[in-house]
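Start from chain Y and add chain U according to the hints.
Chains as they are written, first to last, in this note's numbering: chain Y, 268 to 722; chain U, 48 to 147.
Incorrect hints may appear among the rest.
Claimed, not checked - Computed from the model, here is a short list of chain U residues facing chain Y with C-beta under 8 Å: (1) D52; (2) I56; (3) A73; (4) R92; (5) T101; (6) S107; (7) A108; (8) A118.
These aren't lab readings, by the way, just hints derived from the structure by calculation.
Note that CB positions come from ideal geometry on N, CA and C, so glycine has one too.
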Amino acid sequence: MNPGQVRVSGGTDSISADFAHLAELARSLDRVAGVGGAVLPAAASALADPALISAAVLDPIGAGEVVATAGVAIAVTTTLIAECEVLATALRAAVIGYREADDLRGRLAPTISALTHLQGALTAGTAQVAAGLHEHSVHKMFGGLLTIAEQDPALAGLIIDGVTGGLGLLPGGLGVMPGGLAGGRARSSTVNLAKGLGRLYPDGSPTLTARPGDPTLDSAGPPRSIADLIKGVDLRDANTDGGGIDVRFVSTQRPDGTVTRAAIVDITGTKDWGFTKFDNPNVSNLGTNLRGVGNEVTSYELGVLMAMQHSGIRPGEPIMLAGHSQGGVVAAQLASHLAGSSTFNVTHLVTAGSPIGLVDMPSSVSVLSLENAGDVVPELDGVSNPARPNWTTVTVDRGGAGFGPRHNLGSGYLPGAQDADAGNDPSVHGWVRGAGAFLQGQDVNTASYQVGRHG
Amino acid sequence: MNVVDRQRIEQLATTLRRHANDLVSAHNALRAVAAASEWHSPAGRTFATSLHGTLLLIHSAANRAGHTADALDRHGRCAAQRAHALQIAAKLAVPIVELL
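With the rest of the complex left out, here is chain Y:
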């Protein structure tokens, strides 16, 4: 990829949408066959009915006409049922085949991508790792590994997958992986390892503090584009030491005078990477990352839920969750856990640089995932995001050299989002059209919160 380019998978205009259409067609053909199946006994019972037989004595020509037309109707309907059943079966087989091929491509993509860049990555980092080993310098060794990961982010995902899979093979799975290898190696091992390591960091319980409003947030007006959504997260991110949340209410006046509201919840990312800070009052810490990737409910997630309740989001109002890095993981988990909720209607999710490929996302949530080529963080789940009609992944190429600038919102994801807006990919445009309640408003009012942890 080159700077400014975008690559898109999934979404409303993707091949995965074709699968959904094919499956729907198969169901329609089933219904036709079912209706046709009701015609056959009706026509057959008419021919054998005593009333028709006795009437045939009085009107033999008319009876003959009935027998002839019913015979043709039965023949045509029998052909129709057979054709519908064959077509429906063929369509189902095609969908299964396409999906398996697509899944295989998705599983192989990280490996192929890693191998493509492997030589350059090894050239760049191996000497540094070797020097670190020679000098017993952990810092230098880690630096070398980071250089390799920067050059070849997909390799980081493969290493995570390999390490977690290898640990899962150990007897007892280090005592932290109850699921072992069941249900797919990468999925279960990554999730279980993250979950197990996350338990080293007590999660406590959430606290919520309402913060004074920031007029600069609303002065620019409601968001109009993907870049505006990312800018909203970036503004909150710049003004928090961790756990900063904004609930932005976008109001739209309809032609009949009624006003509708939609809520955008901005969730900020990791602020404290302290590996050995186990008891940490900051929810934006490593423990939340591990628990989030481990599909666990975190204090950060509960704190966001408390902020949503406090802000006054009404039942049924559409909600978009937006998050960067860890914020995206928390947002994705919340979207998954709120599926079917009668209180909070999460319809959209935007993530930037977040490893959320293993989250069990409901089909009712329309997801846009931004990933930056060269950013290691979205690779940490070891899988590609599923390419589904409701899940569009946009890979951008911004931020220059190094992991930091590429993971950063301002230097990496904000220009990347502008590239996505400027591109002409139909799936991206389909997502933006579907997010009209959030992007076509006339007014915006923001409530700000701080999520913390105690206990």
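Same frame as chain Y, now just chain U:
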């Protein structure tokens, strides 16, 4: 031929006509799904074209079921008229025989 038989034949025709209408509804639903599908591959577009034949077949089956219902209606009406004529002829035959 009595009135009950005529009603029975009408009932059979009504049932078949309802099934014919159901087929028309299923035809319209399938056509709508096929039209809403956006085909991104040449194979997909070829398949969409081939669905046209199936849609014609559904239409034909619905028509045939409808024709059978019409034929049943005509037959029931004709048989009832003839039964009625025979009853009148039978009633007239009694006094004629008595006169003779």
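Please list, smallest to largest, the hint numbers that this structure does not respect. Hint 4 alone not satisfied by this model.
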